[in-house]
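A.B. asks: Residues per chain, in single letters:
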Amino acid sequence: MALKSGLQMDETALIRAAQDGDHAAFEQLVRAHDQSVLRLAMNLLRSPEDAHDVYQDAFLRIYRNLHSFRFDCSFHTWLYRIVTNLCLDHMRKRKVRKEEPTVLATNDGPLDRMDAVPEDRVDGDPQRYLFSGQVRRRIEEVLGELTPRERMVFELRHYQGLRLRRIGEVLGTTEEAAKNCLFRATQKMRAALGDFI
Amino acid sequence: MRDCNWAREQFALLLYGELSFDQEEKLESHLDVCGECRAALERERSLHAAFDGVEIAPSPSLLRECRHYLRAKLMEEPAPQPVRIGWWDKFIDAIALRPASLVLRPAGALTLFALGFVAARTLPMGAINFQSAGMIPGAARVRYVEPASDGKIQIVLDETRQRIVSGRLDDQQIKALLLTAAKDPSDPGLRAETVDILNTRAQSADVRDALIAALQHDQNAGVRMKAMEGLKPYAQEPEVRTALAHVLLSDSNPGLRTQAIDLLTKGASVDRQIVSTLQELMLRGEQQGYVRERCRRVLEAMNASLETY
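Taken in order, these protein sequences are the chains called A and B. So the first sequence is numbered by this note's numbering: it starts at 8 and just counts up by one. So the second sequence is numbered by this note's numbering: it starts at 3 and just counts up by one.
A couple of the hints might just be wrong.
Cut-off 27 Å, straight-line C-alpha distance, at most; resulting in silico cross-link-like pairs (DSSO-like, lysine-lysine) [to be verified]: (1) A:LYS195 / B:LYS28; (2) A:LYS100 / B:LYS75; (3) A:LYS186 / B:LYS75.
FYI, nobody ran anything at the bench for these hints, they're computed from the structure. The structure displayed is predicted, hence computed values, not measured ones.
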């Protein structure tokens, strides 16, 4: 089935077309979701190389297994299930290696994640800027100290804006378990950052 | 104090909008009367705002690079297995809440009801024992059911059984199976492996015919490429040349078309038909730049006109 240019197909039609081997439809599906996938991987792994690997692995798995997708859940949930599993694998391996780089290697040279925040957040006041930088560094450290699952739930809720029920679906657990995980994550962060805020 | 502890535990869920209406009401009531908790909530809001400051967005160049690399990887992938929707899947769709099943849903419900009605009157009491019937759910499918005149039900099953056959390539049965597998439309990976094996027996006429058919008609460029590999030693044979000319004129893959030019123009004598094929391409205004350039160079080397014959 060939896609007519300019014709916006709904997602179900796109998936069915891609299942029938329509490359253009698959590319449209990728484009509809790949920015959030890359953002999720980048935030969790903080490495462009690892985020790139997760992006490739996730969409290749989707491509290879698209024929088995039977609309039992939303495409977004299925995709996020794959992406979160890949990210959790990376994070667990990293925990074993005790790697938590604060400086990122990017295509545009080394980047300190903490320096990525615009200065206008602290109104140009040097003292506030220094303090804000310390807070950000501390948040970064605490995020690194969370367990991979806590980190994942926090990321999906705070940065990706997923509801706890959806997070449960994505991670293959209950809403209650996701809520407990979020609760533990925020409690740890509150305890570690109490002096800064 | 106990209310304060409970209230502070709810702050994160409150800020994420994950509290139920009742819980939120209870918390609001507490905050109305507890200044310390109101102050603690403000600190929690500041903490949330600070979290936002550590989010990083991937650079546009990373996104571009990811898309580019994925596109290249997908080119190497065999075509995905086509989805086969049999009557059973349609039936399951019909009784389940799936998007494509709206039309069939009443039919599915009716069928389910009818099956239940028939089964209740025909099967013995007690649970159906699939194991004792020698039937493993999933390994067999009911194709259709038909009540017979003697009150029994006739059920037609589709069963899938695997069997391993082994033998040498000159074994006729093995060769026949390979020739069939080379045309299996559902699995390009299987076709590619099969064509690879058949390439070693391209001297046999029936194998060569299969390779020519794969070269001209297979949907997958990887399979066509493998078939061309096998046919290379026979590039001077008329039927192979016809197939190569077909690839040159109609294949969508520039790599295959370029190889076809090489094979067709290899050797001391180049026939007039090939020259006219190349000229036809030039006349058509060949779109693939590299192919056009190769045609032009070959025609110039042969002192042939570029666009007429």
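A.B. asks: Now tell me if each hint is right for this structure.
C.D. replies: We went through each hint and held it up to the structure:
1. A:LYS195 / B:LYS28: 25 Å, holds
2. A:LYS100 / B:LYS75: 25 Å, holds
3. A:LYS186 / B:LYS75: 38 Å, violated
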